[in-house]
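K.L.:
Sequence:
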Amino acid sequence: MCAEKLKETKEKNLIDWYNDVLLRSEMVDFSEVKGFAVYRPYGYAMWEITQTYLDAKFKSIGTQNTYFPLLIPEKLLTKEKNHVEGFAPEVAWVTMGGDRRLDERLAIRPTSETIMYDSYSKWVKSYRDLPLLLNQWNTMVRWETKETRFLLRGRENLWHEAHGAFSSKEDAGKNALAALDFYKSYVQDILAVPVIVGMKSETEKFAGAYRTYTVEAVLPNNFTSQAATSHDLGQNFSKAFDIKFLDENNSWQYVYQTSWGTSMRAIGVMVLVHGDNNGLILPPKIAPVQVVVIPILKGGKTDKEIKDYAQKILDKLSSLGVRVKLDDRETFSAGWKFNEYDMKGVPIKIDVGERELSSKTLFIRTRFNAEKYSIDLKDIDKVTSKLDEIQKNMFLKAKKDMESRITIEKDRDKFVSSLKDAKAVLKVAWCGEKECETGIKDSTGATSRVRPLDKEVLISEKCVFCGKKANFNTFFAQSY
RNA sequence: GGGGCAGUAGUCUAACUUGGUUAUGAUUCCGGUUUCGGGUGCCGGAGAUUCUGGGUUCAAAUCCCAGCCGCCCCA
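Residue numbering for the first sequence follows this note's numbering, beginning at 161 and increasing consecutively.
Fair warning: there could be bad hints in the mix.
To be verified - Below, a list of computed lysine-lysine pairs in the DSSO-like style, where the Cα atoms sit at most 27 Å apart: (1) Lys445 - Lys546; (2) Lys306 - Lys194; (3) Lys365 - Lys399; (4) Lys628 - Lys583; (5) Lys520 - Lys532; (6) Lys472 - Lys497; (7) Lys485 - Lys464; (8) Lys559 - Lys615; (9) Lys594 - Lys399; (10) Lys520 - Lys546; (11) Lys165 - Lys532; (12) Lys404 - Lys239; (13) Lys594 - Lys622; (14) Lys329 - Lys344; (15) Lys583 - Lys601; (16) Lys485 - Lys458; (17) Lys165 - Lys485; (18) Lys445 - Lys557; (19) Lys546 - Lys557; (20) Lys334 - Lys399; (21) Lys472 - Lys445; (22) Lys445 - Lys532; (23) Lys580 - Lys170; (24) Lys574 - Lys559; (25) Lys217 - Lys365; (26) Lys285 - Lys399; (27) Lys404 - Lys365; (28) Lys476 - Lys542; (29) Lys560 - Lys344; (30) Lys235 - Lys282; (31) Lys601 - Lys241; (32) Lys583 - Lys559; (33) Lys165 - Lys557; (34) Lys172 - Lys574; (35) Lys344 - Lys365; (36) Lys583 - Lys622; (37) Lys622 - Lys580; (38) Lys445 - Lys538; (39) Lys570 - Lys615; (40) Lys532 - Lys497.
Just so you know, the hints here were simulated from the structure itself, not pulled from any lab data.
Use the sequences and the hints to build the structure in full.
P.N.:
Okay, here's the thing in structure tokens:
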């Protein structure tokens with residue numbers, strides 16, 4: 161049950177380090193099925209915190225939770241042409257029921273647009289039925305053929321998927337951007353991971369979407385990862401699934417749709433961004449345990465008083481709304497416990513021993529920046545402001561790190577070599593053409609990641625790769 | 001899709017090159033004792049189909065083949 165030391169350093173081998181941290185902090189474990197992880201209570205607790213935070217946001221704009229079947233008949237999955245082409249290579253199929261072959265094979269949902277929109281077409285008849293905004297917290301299966309990775313790329317992934325139907329293009333557009341805003345605040349404010357917010361290119365957008373938005377995070381190896389995504393589907397699916405309504409003027413209209421989701425991947429990104437060679441470093445807002453109280457017992461007469469004192473601190477912090485735990489196991493030394501909670505990334509450790517008991521103080525140790533200091537018991541509410549301060553400073557540090565990894569590049573050769581070797585995340589002026597992106601992928605293995613939403617001054621008049629007219633600035637990087 | 005590297009108690013590992021008795025050590029786990037302010041020391045105990053299957057051999061963790069799993073590189 162106990163965390164052991166890490167085998168690899170973060171600097172030397174990021175992926176070995178990452179796997180090891182996830183295993184030893186008891187967030188996840190391998191299962192007997194390739195690409196399917198086991199989420200242990202400590203890891204799953206972070207998902208529950210995510211759910212609580214985002215669910216409230218979703219409901220604030222009228223989203224309702226729902227549940228649709230895990231299995232999707234092939235005829236539904238193939239209704240929207242671009243969609244099925246995008247997902248076909250990685251769909252897992254159910255072909256047998258007991259020992260009988262099924263007449264029609266069933267896809268295990270890679271995403272639920274198709275089965276949900278089949279119902280939407282039954283439920284939407286009038287403009288009064290709109291907007292219809294449903295969400296499900298579930299998992300999806302994508303049969304990755306490349307190597308799989310804990311949290312970042314599994315075959316089964318914990319996520320939520322929300323699906324909106326609207327009477328106007330404007331409403332759908334607004335909804336896709338509102339979702340993007342939820343994700344930005346989740347990733348930045350809860351996970352303390354800075355993101356680049358923007359739009360995906362034609363090549364990288366969701367299969368079947370009119371437009372895809374993303375919040376993109378930068379990792380310590382100069383890769384980027386899409387932490388969450390929001391799609392403006394336009395009328396592509398409503399036409400394929402015949403989702404239409406009678407408007408105020410008694411004429412038939414197809415709905416405008418959105419779909420948006422985020423997954424456990426965002427948590428994986430958080431681990432990569434913040435952790436160090438002693439294990440996880442959790443931002444307080446995502447930490448299942450924000451403060452751990454460790455009594456230092458000496459087997460003397462004061463032990464009982466120290467325990468009572470520790471309990472008092474626990475109760476007090478708990479009443480202040482802190483997620484706090486008391487570790488009074490006597491079979492482990494204090495030093496051992498410090499190391500274990502370092503591995504698990506607990507933001508604040510408080511030791512209470514004879515010294516604290518007699519002086520009515522607490523001894524604070526922070527995981528982030530490894531601060532150590534005493535405070536008076538009467539100032540115990542300072543612990544909550546310390547948690548806020550840690551949250552803020554972790555974000556600022558990560559933001560500075562992200563900015564240091566971004567290079568503005570105008571030179572074609574430098575762009576290609578730097579991108580190929582993941583020496584930086586490159587911000588360039590780009591034409592946005594599909595052929596150009598294909599060319600970039602062929603020569604570097606990397607793709608466009610995100611085009612900022614705000615109007616920006618062009619870095620150059622010419623596209624960094626093909627030399628034609630540049631239309632906007634875009635970030636390029638290797639990605640997970 | 002193509003190529004490369006690895007697989008030995010929960011974890012890390014020795015033995016493999018050059019086949020040979022009961023598979024090495026640490027850690028972890030259990031009982032006891034001593035400790036406890038950054039992984040305490042000691043005593044005892046437990047934990048292995050040496051990834052799976054096949055082949056070569058008197059004899060396989062060790063050599064060969066296939067598969068599985070993990071990692072890396074290329075498409």
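K.L.:
To test your reading of the hints: which numbers does this structure violate?
P.N.:
none
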